[in-house]
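In case you want the letters, here they are:
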Amino acid sequence: MKKETRYALLAIPLAAFGLAGTTAARADAATDEIARYREMIADGNPSELYAAQGEELWKTKRGPKNASLEQCDLGLGAGVVKGASAQLPRYFKDTGKVQDLETRLMTCMENLQGIDPKSVVAAEWLKGEREKMAALVAYVVTESNGAKINIDMKPAPMKKMYELGKMAFYYRSGPMDFSCATCHGDTGKRIRLQDLPDLRKQAGAAAGWGTWPAYRVSSGQFWTMQHRLNDCYRQQRTAEPIYGSDVTIALSVYLAATGKGGTVLTPGLKR
Amino acid sequence: MATNPMKIRASTKDGVTEVKVLISHEMETGQRKDAAGAVIPAWFITELTAKHNDKVVLTSEFGTAVSKNPYLAFKFKGGAAGDKISVMWKDNKGETRTDEAKIA
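Sequence lines, in order, name chains A and B.
Going by our numbering, the residue at position 168 of the first sequence is 168; the numbering climbs one at a time, nothing skipped.
Going by our numbering, the residue at position 7 of the second sequence is 1007; the numbering climbs one at a time, nothing skipped.
Pulled out of the complex, with its shape left as it was, chain B reads as follows (with noise of 0.2 Å):
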């Protein structure tokens, strides 16, 4: 199944960058059922990595206690207008994907 863009804004003040993330994703934790009584399959993120350019600045595990489409704050010191953000997300289905924004 193809997946949605996540929407990537990230902005610089005092040599902090905020960056906030809106991901588009079902988060299905596996414990629910469908109207015929079947259980739903889990599907869920279970990585997440941010870039500041090419240098890692976030890492983190994700896990089904994180709502649908989740929304991200996080603030790094550095970065510049204009620099690439980018972030990496991997579910237990083995798909990933990658969004980009730039520095505002």
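Excised from the complex, chain A in its bound form (with noise of 0.2 Å):
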């Protein structure tokens, strides 16, 4: 209460400097309230229920073949959660590809338990397959919350990837013609009261890529980065990208790569 009050008081002298002043003010004033919730409900992130459930599932024995993921290899040896998705996505020379978290699991879950990934690509995003690959993700990234971002672009195939990602980064469709640059490639950009950050620049990139997956409070939903991404191509009103398709690893590297360096925030919580 007494903060709307700090604000209404705000608002008047700032009105004199005309339109302009008073909506970045506004903005100024989302951003911080945003900041002051998410301090507030530091000790509450809901992401928390997910990764006890995703924890829980990583150590159950599922599937046709009675396993539990235990020995899941994400990149620094098998049964190594602790710090992995930081140093996602990574080239798997197991699987001959460049593999971002999702798609990961999925081959640790056709490998050790027998299930078949296309449960996981055909599921419904929230249900499913898809929700249990959700919980799997909150635990996993919540044990690299504090690690830096350090994903190795020394193999040929990452660099490959880093190009594709960056292609489709700036690649215009859809009926908007937007592509990711649209909104994401400038400085100081919003939508309505939302700061936008510049996914080109290391500590835009950082921003973005080292906070999600996140717990979205407006829905109430757990989004991996597969959904982040997907929806992102859904709000370009264009095509939606298949489930661990080599565009939502490739536009992975590209965040990766930009942020490297920059600290993972994971589970991340957004408005």
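Keep in mind the hints are simulated off the structure, nothing from the lab.
We treat Cβ as the ideally placed atom computed from N, Cα and C, and that holds for glycine.
A few of these clues could be false.
Derived BS3-like pairs (lysine-lysine); straight-line CA-CA distance at most 25 Å [stated by the list, open to error]: (1) Lys1068/B x Lys1033/B; (2) Lys82/A x Lys61/A; (3) Lys1068/B x Lys127/A; (4) Lys270/A x Lys1020/B; (5) Lys127/A x Lys1093/B; (6) Lys148/A x Lys160/A; (7) Lys1102/B x Lys270/A.
Calculated from the model, a selection of chain A residues having no Cβ within reach of chain B, i.e. all distances over 12 Å [stated by the list, open to error]: (8) Ala78; (9) Gly83; (10) Lys97; (11) Lys160; (12) Trp212; (13) Ile242.
Bring the two chains, given one by one in their own frames, into a single complex with the hints.
This is the structure we're talking about:
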């Protein structure tokens, strides 16, 4: 209540500077409020509920092979979860592919548990195997909270993916002729009252890449990076990519490489 | 439907114990409709009780104005490290859940 009164008082003198001033102040106020809210529930990020389910699921014997995921190699060795997602996407020799967290987990599910990756790809968001995937992701990324974004760009396929991701980032399509860069290719942009990170720059990419996957308070849903990227395409009103397809991994490589050195603050908390 | 566990954290300082609870619940208001236009039935927590060992320290009534996956924090006088904190909720479908934690 106190806070609201303060903003009401602020708005009066600012109105004299015209519309631009007022909107900017409102944008700042909204950003401050979101930051304040985040701080308030930092102890109660509902992602923890999903992470707890994911940890349980990680240890649960499932699938035709009746095995758990405890021997899953996320790039740091079999069964190592701590810090693993901060170093993804990564080029994996065993599959010969660059994989992000979700596609790597699908590989583990297939190899260890005998669960067909198609069951994840074909599922709907937040339902069936994708819901389980989201819980697993919540668990894994929680174990990288505080780590540095550090992906290994040395293998040639990573460089190729980076170039593909960069191309996808600037590629315009759909009825609006939008690309990722339309909204995320400039500093100081915003949609309504929300600041948009400039994903071409290290700071912006680190802020964007480093705070997803996240719990969205407005929808009460936990979103993986695959979900986040898919929704960017939906918002562009263009074709939505297939779950775990090369373009989603390429964009992830581009974002993670650009934001390299930034701090991973996952699972994030979004408006 | 199976319920998911709550996350409970409690710590004590200068004779006051702070309890933080994260609750997993849909908290559906009954005001929303699904894609087919059918009303999504109301499903929300109606009561929540917290105990320190066997003594009730908080009783509350919840309603549809409370968000999905609610977060609750409260303080009470007393409590020592190792004491048991238990939180119980009951929803409008008659389902209940109790989870426990120790004061850190």
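Status of each hint after checking the structure:
Restraint check for lysine 1068/B and lysine 1033/B: the C-alpha separation of about 16 Å stays at or below 25 Å, so the hint holds. At roughly 21 Å between alpha-carbon atoms, lysine 82/A and lysine 61/A fall within 25 Å of each other, so this suggested pair holds. At roughly 17 Å between alpha-carbon atoms, lysine 1068/B and lysine 127/A fall within 25 Å of each other, so this suggested pair holds. Note on lysine 270/A and lysine 1020/B: the hinted pairing holds, with a Cα-Cα distance of about 20 Å set against a maximum of 25 Å.
At most 25 Å may separate the alpha-carbon atoms for a hinted pair to count; lysine 127/A and lysine 1093/B meet this at roughly 23 Å. Between the alpha carbons of lysine 148/A and lysine 160/A the distance comes to roughly 23 Å, so the proposed pair stays at or under 25 Å and holds. Taking the CA atoms of lysine 1102/B and lysine 270/A, the gap is about 30 Å. The hint is violated against a cut of 25 Å. Residue-level check passed: alanine 78/A sits 28 Å from the nearest beta carbon of chain B, beyond 12 Å.
Look at glycine 83/A: its CB is around 23 Å from the nearest CB on chain B, clear of 12 Å, so calling it non-interface holds up. The claim that lysine 97/A is not at the interface with chain B holds, since no C-beta of that chain comes within 12 Å of its own (minimum 34 Å). Every CB of chain B lies more than 12 Å from the CB of lysine 160/A, the least distance being 40 Å, so the non-interface label holds. Non-interface call for tryptophan 212/A relative to chain B: holds, since the shortest CB-CB distance, roughly 18 Å, exceeds 12 Å.
With a least beta-carbon separation of about 22 Å from chain B, isoleucine 242/A lies farther than 12 Å from that chain, consistent with its non-interface assignment.
Consistency with the previously given hints fails for number 7 only.
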